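Peer 1: Listed below are the residues making up each chain.
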Amino acid sequence: MITLLPSTKTLICIGSGGVGKTTMAASIGVGQASSGKKVLVLTIDPSLRLAQALGIKTDGELHQVNLASDSKGELWSCIINHKKTFEWFIRSAADKDSDDTSGRANIEALLQNKLYQQLSGRLSGSQEFTSLISLYRFVSSNKFDLVILDTPPSQHTWNFLRAPEKISALFNEGVASWFRQNNDQPHTKKSVLKKMFNLKILSYGTTQVLKALEVLTGSYFMKELSAFFEAVQKWQGPLENYVMSCHRLLISAETEFVLVTALDSSRITEAQKLSREIQKQGYRLSSVIINRIPSWTHAQKNAASNIRSPRVNELIKYYLSLENDLQSRLKQLRSSLKVYKCFELRQNSENVKDLQKTYNNISSAD
Amino acid sequence: MVKKAHLITGKGGTGKSLFSVVLAHYFSSETQSVLLCELSEHSFYKDYLNLPEISYKPLALKPHLDISQWSPEDCLKEYSLHLLKIESLYRLFFENAISKSLIQVAPGLHELALLGKMTSSPRKQGPPMPYDQIVIDSYSTGHFLSLIRAPAAMSEAIPFGPMGEQSKSIDAWLRNPDFTQVHILTLPEELPISESIELFQQLKKEFNIKAKVYLNKISGLTSDDLTELTQEAQDSLQNILASEAKSRLQLKKAGIDFIELPLVASLQSETLINVLTEHLKVSL
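Line order of the protein sequences matches chains H and A. Counted the way the working numbering counts, the first sequence spans residues 3 to 368. Counted the way the working numbering counts, the second sequence spans residues 341 to 624.
Simulated from the structure, these hints should not be mistaken for lab results. Note that the structure is predicted; figures quoted are calculated from it, not measured. Wrong hints could be hidden among the right ones.
With a cut-off of at most 20 Å between alpha-carbon atoms, the simulated SDA-like pairs for lysine to any residue come out as follows [as the list claims (entries may be wrong)]:
| id | chain 1 | residue 1 | chain 2 | residue 2 |
| --- | --- | --- | --- | --- |
| 1 | H | K116 | A | Q574 |
| 2 | H | K213 | A | L423 |
| 3 | H | K282 | A | K592 |
| 4 | A | K586 | H | S49 |
| 5 | A | K508 | H | V217 |
| 6 | H | K11 | H | F146 |
| 7 | H | K225 | A | I580 |
| 8 | H | K303 | A | I580 |
| 9 | H | K319 | A | D472 |
| 10 | H | K319 | A | I580 |
| 11 | H | K303 | A | Q571 |
| 12 | H | K116 | H | F146 |
| 13 | H | K359 | A | D575 |
| 14 | H | K213 | A | L607 |
| 15 | A | K592 | A | L607 |
| 16 | H | K319 | A | K425 |
| 17 | H | K319 | A | K508 |
| 18 | A | K386 | H | K213 |
| 19 | H | K275 | A | E505 |
| 20 | A | K425 | H | D356 |
| 21 | H | K275 | A | K592 |
| 22 | H | K225 | A | D575 |
| 23 | A | K386 | A | H404 |
| 24 | H | K319 | A | G560 |
| 25 | H | K275 | A | E393 |
| 26 | H | K116 | A | F500 |
| 27 | H | K275 | A | K386 |
| 28 | H | K319 | A | L421 |
| 29 | H | K303 | A | K386 |
| 30 | H | K319 | A | H404 |
| 31 | H | K340 | H | K355 |
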């Protein structure tokens, strides 16, 4: 079991890939719901098995999970659909701003823009952003006591934490203004550069920069890029506000971070660095869970038998030293950091009962 | 000139970074010089290999083996300077807060910059690279697919001009089996195995790439090792053995040849690298 601060309304599970973040997020969800809370677990790309266990579809909608009959609370789950979320974000930010038809046409222009389609669909990096806006959307709906987010499988969590900053840069006044065209002027075949230069929007220096960009990328790319910025520029204000709200949510006193790590010697330093960075940035990292500890090494250590197999002896020594090493390094970080251990279940089938078992299995390492 | 580029991928936690160093060690010899690159923003190798610092400029790790960290910004800068030729123009472009944020957010530019650098030697774009092989510790499955799909996606979106031409040529070298080799790391567990089989098949279908697959962290135990253990330990380890057997079978069924790598029971990176490099010399 894991103890959250009483004020916590948002829990963000972070850690590098393959440490069992998604299962841990789901387990904490089941555990917290069984004690009476109305919980939402937001996941990205869960294993088919886990999705089936929770009875959820990849449609980006909210689904209620069937819990044990003695459960006091409710568990809801949602698999983030990146394309849909991006579209929702663009539309909702634009809706506040404009009801007129030109505004709508503008939205459609953006949704049809080839670069936008790349950004929202096939290219990397946008997952972090859609996770964040989904989180904000559900937390601010006030429909849940606790929202748990399983962060994207990015190599690090840095990208996720920097998502607001990066997306702000996208809608940055400076960049957008480069490409801004006079809305009263119809599109002409004149090069974007020339037009901007004629309108005296650009200084000579900036023109040189854009020229360099055109040499590097070509006029076709420039045309798409300028159409992209022209389309987003219209509701730059609401978008910036939204991004700010997302950032405020991350540093809010009601948001807690939990770091999930595996018993992996090569990632010890990385986990250490990540938690240090997170604290430095003002995020509330309260707990670390060392996941998937093989429990047999402990059972075997206590049973005083002479084992002849050199490989078994070697493995026991290895796992125990890994665990000690990881634990002591995590404790060095900050004494107030709660360190938990979670032993690996012998049968790792995933259903609500097993998720509850995993949750019960989380024990304090202090 | 670079003859071959190796991209290492796999599910998170399967051991990509360690394997990349091992592969780089394995390739480097009197006659073969190797460059090992990492793509992550926050260096993994700096701490892991205890290096004073790591940057875009290659650092000698040992004779015939250099290491560097590629950021999209550095790759783009190098390429632009090569193309624009005028230092002042390039300064104007890159030392400008606005273009910095533009580069950061322009869709697809990052991926193109990295893969552009990887294929720069055979495409004869950019400064020469004095290496025979480059080994790239790349992203995990999902991000990796986004990375290698970017050139085709970009050339589809931007069919004309230098951007389109470059994208097309990067894509072609990426699909050339004589130049690009993808290595997939996996573990003898259900999720990594199904993910790596899917990735293998996807690469074959979409890019006609035949990836090399490595089944990592094999316990090296047999049933005989378990007889003296407590019941709990026996059960757990039997589970591991069963999972290993099942994984081998699944890979075979999917028609995938694979190389097994042992779990090396050490916390010392030097020991891990040496043991595994010796292992590769026997099994590759």
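Peer 1: State for each hint whether it applies.
Peer 2: Structure-based check of all given hints:
| no. | hint | verdict |
| --- | --- | --- |
| 1 | H:K116 to A:Q574 | violated, 57 Å |
| 2 | H:K213 to A:L423 | holds, 13 Å |
| 3 | H:K282 to A:K592 | violated, 48 Å |
| 4 | A:K586 to H:S49 | holds, 18 Å |
| 5 | A:K508 to H:V217 | holds, 17 Å |
| 6 | H:K11 to H:F146 | holds, 8 Å |
| 7 | H:K225 to A:I580 | violated, 56 Å |
| 8 | H:K303 to A:I580 | holds, 19 Å |
| 9 | H:K319 to A:D472 | violated, 40 Å |
| 10 | H:K319 to A:I580 | holds, 18 Å |
| 11 | H:K303 to A:Q571 | holds, 13 Å |
| 12 | H:K116 to H:F146 | violated, 37 Å |
| 13 | H:K359 to A:D575 | holds, 18 Å |
| 14 | H:K213 to A:L607 | violated, 53 Å |
| 15 | A:K592 to A:L607 | violated, 32 Å |
| 16 | H:K319 to A:K425 | violated, 58 Å |
| 17 | H:K319 to A:K508 | violated, 52 Å |
| 18 | A:K386 to H:K213 | violated, 38 Å |
| 19 | H:K275 to A:E505 | violated, 41 Å |
| 20 | A:K425 to H:D356 | violated, 62 Å |
| 21 | H:K275 to A:K592 | violated, 40 Å |
| 22 | H:K225 to A:D575 | violated, 63 Å |
| 23 | A:K386 to A:H404 | holds, 19 Å |
| 24 | H:K319 to A:G560 | holds, 15 Å |
| 25 | H:K275 to A:E393 | holds, 16 Å |
| 26 | H:K116 to A:F500 | holds, 14 Å |
| 27 | H:K275 to A:K386 | holds, 12 Å |
| 28 | H:K319 to A:L421 | violated, 53 Å |
| 29 | H:K303 to A:K386 | violated, 35 Å |
| 30 | H:K319 to A:H404 | violated, 36 Å |
| 31 | H:K340 to H:K355 | violated, 26 Å |
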